[in-house]
Amino acid sequence: MAKKAATTTDKKSGNKKANDKKGKSGGNEEGESSSKGKSLKAATAVNVRHILCEKHSKATEALQKLQEGQSFNKVAQEYSEDKAKAGGSLGWMTRGSMVGPFQDAAFALTPSTVDKPILSPLVKTNFGYHIIMVEGRR
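Under UniProt numbering, the very last position in the sequence shown is 138; numbers go up by exactly one each time.
Quick caveat, the hints were computed from the structure, so don't treat them as lab data. Just so it is clear, the structure is predicted and the values come from calculations on it, not from any experiment. There's no promise every hint is true.
[Unchecked claim] Simulated crosslink set (SDA-like; lysine to any residue; CA at most 25 Å straight-line):
1) Lys116 <-> Ser89
2) Lys65 <-> Pro121
3) Lys83 <-> Ser39
Produce the complete structure using the sequences and hints provided.
Put into C-alpha cells, the structure is as follows:
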C-alpha cells in the first residue's frame, strides 16, 4: 500500500495542504536574518536612549561632546529637552510606538553602552533633533 501524506485543513479557506515534515529545526524562525556577519537580527523592541534638542545647533553641539568621549548620561542631562533626568532613557520601545524616522534609526543601531555609545546621526522629527543610542534589542 502507498503511504498517504499527512494533510491539514485550513480553517478559514477549507483548503487541504500537506504537512511540512521539517520540524522545528527545519529553517529559520520567522523574522530571523538568514545572513551572518554584522547584520542585526530582527527585533520587535529596542531599549533606547535619546537626546532631544529643538535647535539643530544645540543638537550638533551635543553630538560633538559625545564624539569627544563624554558620557551619554552627562550629555543628555546637560542638553536634552526631554527625559534629561533619566539620562535620556525611554526604556523598551516597540515597533509602531515611535515616530517613523526615530524608529528607523533606533532599529538600525547596534546595541552599545552609555560609556561607549554607538550613535545615530542627527534624526529630525516633528519634536526636534534626536541623537539616539540603543542599549538592547529583543
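Q) Which of the numbered hints above does this structure break? A) 3
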